[in-house]
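Peer 1: Going left to right, the sequence shown walks through residues 1 to 638 as the working numbering numbers them.
These are calculated hints, taken from the structure and not from any lab test. Heads up, a few of these hints could be off.
[Said to hold, decoys possible] In the BS3-like style, the derived pairs of lysine-lysine whose C-alpha atoms are separated by at most 27 Å in a straight line are:
1) K245 x K33
2) K382 x K308
3) K308 x K218
4) K108 x K33
5) K158 x K245
6) K308 x K348
7) K588 x K308
8) K108 x K218
9) K265 x K382
10) K218 x K245
11) K382 x K218
12) K265 x K218
13) K33 x K348
[As the list claims (entries may be wrong)] Pairwise CB distance ranges (calculated):
14) P207 x K245: 56 to 64 Å
15) R549 x K245: 15 to 23 Å
16) L82 x T107: 18 to 26 Å
17) E557 x G109: 55 to 63 Å
18) L42 x K218: 43 to 51 Å
19) E460 x R580: 19 to 27 Å
20) R563 x R378: 25 to 33 Å
21) E168 x G626: 35 to 43 Å
22) E28 x E460: 29 to 37 Å
23) R378 x R171: 52 to 60 Å
Positions of the beta carbon are idealized from the N, C-alpha and C atoms, including for glycine.
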Amino acid sequence: MSYAAYHAGSLSDPEGFWMEAARRIAWERFPSKALFDQRAPLYEWFSDGLVNTCWNAVDRHVAAGRGDQDALIHDSPVTGTLSRLTYAELQQQVARLAGALAARGVTKGDRVVVYMPMVPEAVVAMLACARIGAIHSVVFGGFAAHELAVRIDDARPKAVIAGSCGIEPTRVVAYKPLLDAALDEAAHAPDFCVILQRPQQLAALQPGRDHDWHAFQKGAEPADCVPVEGSHPAYILYTSGTTGKPKGVVRPTGGHLVALNLSMKLVYGVDPGEVFWAASDVGWVVGHSYICYAPLIHGNTSVVFEGKPVGTPDAGTFWRVIQDHGVRSFFTAPTAFRAVKREDPEGKLLAGYDLSRLRAIYLAGERADPDTIEWLQRVTGKPVYDHWWQTESGWPMVANPAGMEALPVRIGSPSVPMPGYDVQILGEDGAPLPPGQLGAIAIRLPLPPGTLPTLWNAEERFASSYLSRFPGWYESGDAGMKDEDGYLWIMARTDDVINVAGHRLSTGLMEEVLAGHPDVAECAVIGVADELKGQLPMGFLCLNRGCTRPAPEIVSEVIARVRDRIGPVAAFRLAAVVERLPKTRSGKILRRTMIEVAEGGEVRIPATIDDPAILDEIRAAIRPLGYGIVRARPEGSV
């Protein structure tokens, strides 16, 4: 069967398609049907089935005789340590922690906040919650105390599991003081906390509330897996909302298992037993889906990497990990490889590393600019696949189905919709647009299994955030277009499509042009308010290490490139060279915050920002541009 026919079948007969996919999961009670639509536009999948995530991710592989296979490889260049856990060892550790939690009263439906660094114990904690039907909510390790407190008050956890510290390339980040401050601020008080003490920073434990990780589990009876309904939440993952109040994305257990299992072969092309590596963090959706859950559900070995693409110790660390562990498919964010390319533009550090077992490289998290993809293809000789998905979807919405039929790569496009996703480009009136026209990217309801059915305790907000603008559709928040062959082209976030003198232009397209300059390692383009034209594009350039050319010369060249390749209509004349761009800890560029800095209004510093000091550097770079600040966007701007 061709992929086109496979995808068409998922849309024409979703019931048959997803019930067949569900048979690859081990159920305590197989669901009577796939889709439950009594509350449309709120949908559920596999609601009356009974299943356990931990059984599918761990126990069934041990039962099948594969207990000696590595489940997790923890590679930590920041601590200089390497460890492995087989499936049998993982089962023992998870069951013991689950038993200890159950003995302290954690039961099905209770929430547990996990606040840990990239260590195997973070995965153990997530799986232990799943084993007993508890709902975990992982918060990125080192997150600010106030933001942690907000999440504690929303999830109302019975327990918190935390690490004493996290390790950065140049410093140790103490987590326990942040947790203490969050608990002091929060209105809700968990019953107890479990603290993994790391030798780099031991934490002071509060008697009666805090328990040492090892002492807490001593003598605990291992817990069995507790079957839960297919609609039971596996976890809550908070994503920043535009109102400042985080949105708790809910992941239902049954659809999560079915979709992630399907994606490992279809998208990432791996077979059970092979090594898969997603270079992310368990605090983000990539870490949930493709460090913890999907590889283990599918029977792969997952790499848990505690390090950075550069600086641990150098820009060759990715190649070293791929070689040392025989990684077959590697997934990271484009910004990670832009950092590698900036440090090592000729790819010299790759020499001497054996990548022969690596089949392909996958990029997601933000737009993968053509220059980065072409550089990766050139230095590695491997296929490079962009793909597109969100925290809300939990697994790829648009990708190249390389594990089934590797479609031709069209650089700049994440390829085609995955099963169950009817992706269309909508105009302002909500009608689908023809190929080649820029509009809002939306997905016809119902969304397929594995996607969010609602937000935690915020059903009305879920509807208003995602379903209200285009009734019958999920609004992705991204803008783009489709070509004649159905390939999707993501051009920008919807609010990054700017209106320059009445012309709708994509800042993403301008970034592609800037990134194509040989001296530019990374860039960002934002739209800023202008009294005359409504909005103007403003560009920021990070140059390759070792570049000695004068910055004004490079700025003049990129301005000319935009004029030549997009046209004078872009009115691109504001650009500056900066040392770095403001990003989240997951590597996404904070364009909206940059707009606030440029326009001189109130700057809301996101909780996810990696280093707030970068905003002062951006502000200093803008001053010489002679940009006349307008505090409010004019009517009609997009």
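Peer 1: Compare the structure with the hints numbered earlier in the document and write down the numbers of the violated ones, lowest to highest.
Peer 2: Of the numbered hints, 1, 3, 10, 11, 12, 13, 14, 15, 16, 19, 23 do not hold.
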